[in-house]
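Colleague: Residue-level listing of the chains:
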Amino acid sequence: MKETESRKAMMVDALKQSLVKCAPLIQLKNPVMFVVYLGAILTTVLYFLSFMGIKDQSAGFTLAIALILWVTILFANFAEAIAEGRGRAQADSLKSARKEVIAKKVKSIKALDQVTEVISSDLKKGDLVYVVAGEQIPMDGDVVDGAASVDESAITGESAPVIRESGGDRSAVTGGTTVVSDALVIQVTAESGESFLDKMIAMVEGSARKKTPNEISLQILLITLTLIFLVVSATLLPFTRYSSALSGSGSALSLTVIIALLVCLAPTTIGALLSSIGIAGMSRLNKANVLAMSGRAIEAAGDVDILMLDKTGTITLGNRKASEFLPVAGVEEFELADAAQLSSLADETAEGRSIVVLAKERFDIRGRDFKALQATFIDFSAKTRMSGIDYQEHEIRKGAADTVKKFVMEAGGTYPAECDEIVAKVAGLGGTPLVVVKNKTVLGVVYLKDIVKNGVKERFEDMRAMGIKTIMITGDNPMTAAAIAAEAGVDDFLAEATPEAKLQLIRQYQEEGHLVAMTGDGTNDAPALAQADVAVAMNTGTQAAKEAGNMIDLDSSPTKLIDIVRIGKQLLMTRGALTTFSIANDVAKYFAIIPVLFYAIYPQLDALNLMGLNSPTSAILSAIIYNALIIVALIPLSLKGVSYKEMPASQILRHNLLVYGLGGLVAPFIAIKLIDVVLTVIGVG
Amino acid sequence: MSAILINQLLFLVVLIGLGIPLGFYTYQVMSGKHVWTSAFLAPLEKMIYRLLGKQAKVEMNAKKYTFSVLAFSFLSFIAVMFFMLLQGYFPGNPNGAEGTSLSLAFNTAISFVTNTNWQAYAGETTLSPLTQMLALTVQNFVSAGVGIAVLFALLRGFISKNSRNLGNFWQDLTRAVLYVLLPLSLVIALILVSQGVVQSFGGAVETYLLETGEKVLVPLGTAASQIAIKQLGTNGGGYFGANSAFPFENPTVFSNFVENIAILIIPVALIVSFGLFVKEMKQGRTILIVSFILLVLALIGVTMSEYYMAPHFTDVLANGNLEGKEVRFGIGWSSLWAVSTTAASNGSVNAMMDSFTPLGGMIPMFLMQLGEIVFGGAGSGLYGMIAFVLLTVFIAGLLVGRTPEYLGKKIEPFDMKMVCLVILTPPILTLVGSMIFTLHPDSAAWLGNSGAHGFSEMLYNFSSLANNNGSAFAGMETNTTFLNVLGGCIMLLVRFIPMTAILFLGENLGKKKMVAVSEGTLSTTNGTFTFMLLGVILLIGALSFLPVMGLGPIADFFIHS
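Heads up: the sequence lines are chains A and B, in that order.
Under my numbering, the first residue of the first sequence is numbered 381, with each subsequent residue one higher.
Under my numbering, the first residue of the second sequence is numbered 15, with each subsequent residue one higher.
Bound-form chain B, shown alone (with noise of 0.2 Å):
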């Protein structure tokens, strides 16, 4: 136990000091400025304006921005269903894989538009190098960087006055890719190939099984670009079906503690581009606190629950709940894995979700179900952290007795509905998604399990749908007509309605007026501030889930303890 947790301390310092320098690069890149790399990408970017004429020149108000973000999420849309319907008459087919049925190309499409990468198929059989590369991995990097363009152009309604202005989507896209996500994933990419991550154009490899001789194929890939920026997309969507727990994804200790790094270091670090933005980094300061305090306790949640609500056995060298754990990661990395990855609206798995304990399967979905706020996505989990500050920041404000003010923006009827769409739209549509699966005469077929733990597989699923995430609990039959639509509808929705909400929320603040700071003014950094803001974030998620929790990972708990 030590062990794990000289491991996972030794994780969160690394995290936070690779973060925060990060931070100062993204702030950086993100408002324009010259950077180191500008020597090389400069010319490239210029390049990537000319071709995209007068629309990577205008300022945009919310509508424009809005409108482009669309437009660019619907083209992309487009191309993936392209490629997955088609990859059949392409070439980069060593397997040769077939198209695609409708239904998965629409729920594939949209899975990886809306940064959620959620899986309905297994990579390595379903799909081939070329559609994962030209479709998929485009989109890891685009669907991340779109998340992180909407987040400055929300944080540029904060510091201008008087002004409709968010900037302009397609530079904040271009800056965002070019500068930040594509040199970190080269990195990471390079540092997984190290390790044996594969990387290959070739189609699978025959081979012989040691034990019994039975001739076997073993798919490879252009496996190790694609996890580098699955990782730091928060996209989650594996390469090969076994995701992250897949030697070829994640072969060695020392990957596996990259690639989670990978997991968390953009929203940790774009928490800091924030502070510097707007200009005052104890605003920063407090949203990282709070995430960091939910993300421990869940870590000390899923780690303890893992270690000791399994059975213990005397002379054993691993003790816990070990089942659906890959043994090279054991109980720490498994379990700190699953709350990165929920806490990141990433989805990857490096172990089976089904079968961790009740509570230790609950904490990683609760994540989720607060609205992957705690990090979360690229960029939209700060935007949704933002709107949970709003609200607090409202609440606090009646309660001290001056209209609510954030950043020296107040906060008015129109913020605040703005706000409410942000926050209330997940869970609405997690509740909905699943109750119209319970719905469907077929579906307990299509569950794994049965009883409280059918009822959780169920839930997950759909927490991770309606949250952008992507992750799943093994063992649904995913690949259906009607969940796909389903599935895709939700993550449509879920990835959309918030984003257009923050943009209007951005423009909105943008035409305000500063309110000057006195000691009247609402402190949105002190310990009391931060401590509400957990507090509702928490009994926000709480009432919104805690029926339903009931019905799943609590009745599982009660049941097996």
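Next up, chain A with everything else stripped away, as it sits in the complex (with noise of 0.2 Å):
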């Protein structure tokens, strides 16, 4: 019920804009719908004129011809007001979060004692506020001391909080977010208004929208198409004069007539709808909930042909899994998964619970009491690179192979040949060996295993149709890297990256001819970041990563990147097919028009008027009626984009040809022949 009333609310408001629009610097903007407009002001104006007696055609006629002129263009303006109305109701949410916070101003991390408070518009670059539970984030910024968790659901809308910490890739907040729990120090790294959330605002408002590269090129051809139906409809003037001249019948066309042709002629389709596309393009990537910095990025993104996916999260599911424990000779296996498990228990890391599940269905080994077994658990630090248990004489430890075998020799343990072949041999399967030690003997291997999510291998072939190569980003060794690579079935990979080695990658095939897009959200994916030609930081990354990406996703969702390639490509698709529509619809209205226009100058042109219209008056009626509700019929399609699935290019072209090219041939043909029926039977013309 909410949902329709604010549709209801949406239609009457898009309405009134549509009234507003007809302001005639608003139209200058639109240079084929300008057209159109000066004919409506035109032909109302010899409507009148019709009264003093300075007569251009029928008065009813020149009436009629004027009022469908307007309507052409209440519908053009119609279209752009109902994409910009959805933006609108968007942005009105977001407005709502960004309202003026006292915020608490402090001097440095050591006096929060000390506030002054401010209004959040007044803070300046570089000023540190304090926040507690409760109170809201007064403007983007840096954690620089302590950990919170954090609503940020006023700009993601995922409600779930979010934990936001100084130091490391968790540090960035957005204004108009709220403390949900304990307290921040934050600096401030945006003033007033161009904050996220302005940012945000302007992007789905369209206040922002500079017109992209693509659709300044579709205006030049359409201003260009104007310009030739512009001369040659004015020239007709003279030329039927000439010619009635020259074959003694018929006399010049009328100013009325040779206006409606033009606005026939004007590829006034794709030119009242052109910007809708753009809008609704925009809108439907923030629907995504991905926002762009720029309409530019959205169509790099359709050109994208090489994507960067890191292997976490986009190709295979966060965690690894413990799929099997291997013993090395001389151990039994249930020795090795007891030693694993009870190393484990106390691991919360996801790789460790998954070693205790595995124990339990092999071995059905459960829980244990640590006080009896007196032990001490040894968490995992990046210095030593292990974890483990210590319990009464005994310690185990388990961690990557290398570590291990350093941790033996050192302690003088023996360190099995056999080891490094079962290490060598899960790594070659694409999986991590991870090495149990008991008291300096090796035990042997737990394999955890990378499960590579369901269905992107199909997703990557569609690309790969689509002519666009994935590549794996993965801090795993090559060998790792192959065999997942493999199993996924991605076109390349990049084992052991470096901040240095991504970059280096990315120029490497810009320097190609590639575009390239990637997702980052650490504070050292920005320099890569910053190079590709789609960059997509992920908002819980860092305000560095942020400001280096052109498109930021909301949902920090890893595989977002193949959504946003898609809306990409389906916002110049649609701009095309309507195109392609508005340009093969003019034989039509030709043939519609043609015949009845020379008609009093050679009667016998009269065997072109193929559909058989009924009068000259209903012809040229139909076919500007044609061209007015044309418009309306297709706004769906502009807000909607047009239907899109990987194929290669040779494939969409020609599916796409066949439906806008062939479709716009035939479908007026059909269209104004109904039209003039309807006008002959209520009795116009």
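No lab work stands behind these hints: they were computed from the structure.
Errors might be hidden in some of the hints.
Quick list of simulated restraints, FRET-style, between CB atoms [claimed, not checked]:
no., chain 1, residue 1, chain 2, residue 2, range
1, A, L610, B, T539, 48 to 58 Å
2, B, E491, A, A987, 48 to 58 Å
3, B, M295, A, L399, 52 to 62 Å
4, B, T539, A, S438, 49 to 59 Å
5, B, I303, A, G808, 32 to 42 Å
6, B, T539, A, A987, 50 to 60 Å
7, B, G227, A, A987, 52 to 62 Å
8, A, S1023, B, E491, 55 to 65 Å
9, B, V207, A, Q1031, 51 to 61 Å
10, B, E491, A, P1016, 40 to 50 Å
C-beta: ideal position from N, C-alpha, C; glycine also.
Using the hints, build the complex out of the two chains.
Modeller: This is the structure in structure tokens:
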């Protein structure tokens, strides 16, 4: 119920906007429609002149043409308004988040009690503010002290709070979000008017929408066509006068008829819908919870032919799962499982838990009494790169092969060559080997398997068909990476990836003429993001990453890139489809109008009246009524975008040419004839 | 009819057979490679560069290249004006031709400099052989050379990366003229002389008519040499007023065959050179196929119309519309010529366009109105066609959801602006030019016909002027100050606006990097694209000219059917 109400409100608003947009200055922005606008004004004037005895055509006919032209303009305005309306609704909800709050400004992290209260809009870059639970974060910034959970639903729509903490890749906070627990000290990074929220509102409202390069090119083409048609129609005035003199019959065409012809021929369908296509494309992107910093970025997304995807989260499930216990010779599998389970009991990581699960499945090993065991857990640390447990006289460690090997050798134990073999085998299968030792004795290897997500392989196949190459980026060693790459069906991979290597790879591809898209979240991704043609920063990422990217994914979903490419392509395709349709329509309009235009001079031309239209009046009226109606008929298509499937370019072209080219040729013949029949029935013409 | 068919088919086969090797040769010449003719011509080439000095060595960007083209063309214009106005004072004037009127000199100078060869005069009576040779024949060579030079400047933009250099105009012009046009016209001139085309410095010969014994003057002149290049360089300006219908210009069926091949061979060869130059023969093939389809369709149309749309008699050797046609050429060779001369922007005629059937005359007119891109003028036809390819690429690119690209270059707003200028200029000038003409109070009196046919006459002539073709629908009073000036301006604009746009397009393309090819790249060589290109060319042409055609040939057709 609420939905229909808001829809109704949106419609009413769009209708109002359609009238407001009739202002000349707004019309001037769209050259094609401006020609229609001038035509409407001119015919209206002609109608009024007819009362003063200056007669161009029969007054009724002139009035009819004038009215239809005004309606055409209203339809075009409506198309734009309705597209804008969708964005505005989104912007309104964002605006409610952007309210002035009193911020607690502090001098330093240590002096949190010396607070000066300022209005959020007065905050300057570099100011420190202190925000406690329940308060709204006043401005974009970086957390410099503390950790807290923050509700970012105002921006992302996601209701589960997220953790924000100083240092690391989760330090960026956005103005307008709310701290739910604990407290943060934030250093302001943006000033009022240029904050993330401000930019976002501007983008979805469409006010910051600059014309994209392809849109400008298309505009140039449309102006060119309009210019040609303007000359074609305008010169018919002297030509018909001349011809009637040469042939001795008939007379020059009336101005009204010439204006009607011009409007029919000018690419009004695409001209009217062009801006709504652009706005709708942007709002489709917003709907996917992606915020583009420029329209250019969306277009570039359609052109991308290299996708750099992070392995974890995009290609594989985020977490690895223990899938096998592989003991060395002389060790029972149970022994290995037992030790591995024991050392993992306190391990909260997903890998650790999966070991416990596997041990339970295989040998039904369950929880233990730690007190009886007098156990101390050794957490994983970046320094030791091992975790484990010490209990009674025993110590168990598990970790990556090279660290464990070093640990065993230093302790004076022996590291069996067989273990190396198992490790190599696991790595070769794309898994992660975890070596388990108990009291300097190597027990064996836990095979942690990377789980490739369901359906990614098919997705990558589609991409390949479209000419998009996928590249997996991973920190794994080349052997592991190769195995996963093969399983997932990516075209290439970058193993042991460092930020420098990523940057290098992007540059190399760009040098070869490719367009590269990537996602990133960390500060160390920033250089690569800045280099990539389409750079999607995760909303959970750092401020540096967000600034380097040209799009922000509010869901922080690693597969979003694929959707972005689709939206980009769809945007261009919709423009192309409607342009083709619009131009193809002209053929039928000619066949409707030309025979009747010159009928008085050369009655023999009636042979060209293929549609058998009733009379000159009804033929011209039918053509321009069709011209107006087709705009309305195509508004849904302009908003939704043309249907899109991953296919090679040649197939897409053939398909779209058939639908919009051939369709554009045939459809108006039928429609104009139908309108003519209706007009005849109701007695016009 | 079957004889006509076999003849025309033979012609097309010979055209392709000769055009392809010439394309390879031209490619080598224009990329500065050593060719077998270098042995004789290289010293001459070096000497020309030495004479030109530093200018012949520098690399040029669009601005410099355009400036050189314009400066050269302006000097050419002055030179032709000079000869035309002052020919009375010069030797080599056996018939005592006087200096022409200023407006005729203006019109003719522009006409020859722009490779149009619109002739508002009859050569044998108005001009001295010296003027024909030094002013007009020279322009026949260099105006074609300029077109070829500009084409290759554009092509350099396609193959270079991050560079504004388009080559050197003087070198391009020299090589095109010296290595391609001169040797070929030498060969053709000799063949023509063997067939009886006149080549003489002597004045008119006095002779007596067999039937009445009346004394007449038969003008001679340096015709063979001028005709060879007039056909090769897509010029078309006849030595004699009756152009290639006149026996002294085109005496036999064989000379007709050779001249007709000469009309189309350079445009065909340039398409082949284009494929070689951009290192993708297939791209050239696409354009060749599209051009051939349009040519063949037009040929079928004209031949059928001329053959069937006229009264047929039993027991008569030659049937069909023979009015205005030379009996030695008949319908087949005349239709072929009409199509060739308007497909290529040649403009010479071997039959009178005025006497063609309505549709038979409409098709050649439409070929011109397409923008002279179906083979078109030397160089200019192909760069015009490339503009249409880019337009098609743009629409097709949008249809597949990618920023359009051609030959690895992305097509961006600036490129589209230039492309649109190239495409827009001819139709607008055709229509506006015709409109200005109709507004002149005396214009109806200048026409040789009335009614729809009169309109066709006017439209044909302006289509010819505004597409640098130069052929005329006989009958119109052309040598008037009004028409000389109007026509001169039209020819000037339609030549140099697109040409400048093409050079700047070339520079802008050259500045870009190459985009890598993938499955997502739109193929510009497959059937779908070829079909689409055909569609775009025909649609733009039809949309621009259907209404005026309705007042001219289409009305004419329905009145007479």
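Colleague: Provide an ascending list of the numbers of those earlier hints which the structure does not satisfy.
Modeller: Of the numbered hints given earlier, those the structure breaks are 1, 2, 5, 6, 10, listed in rising order.
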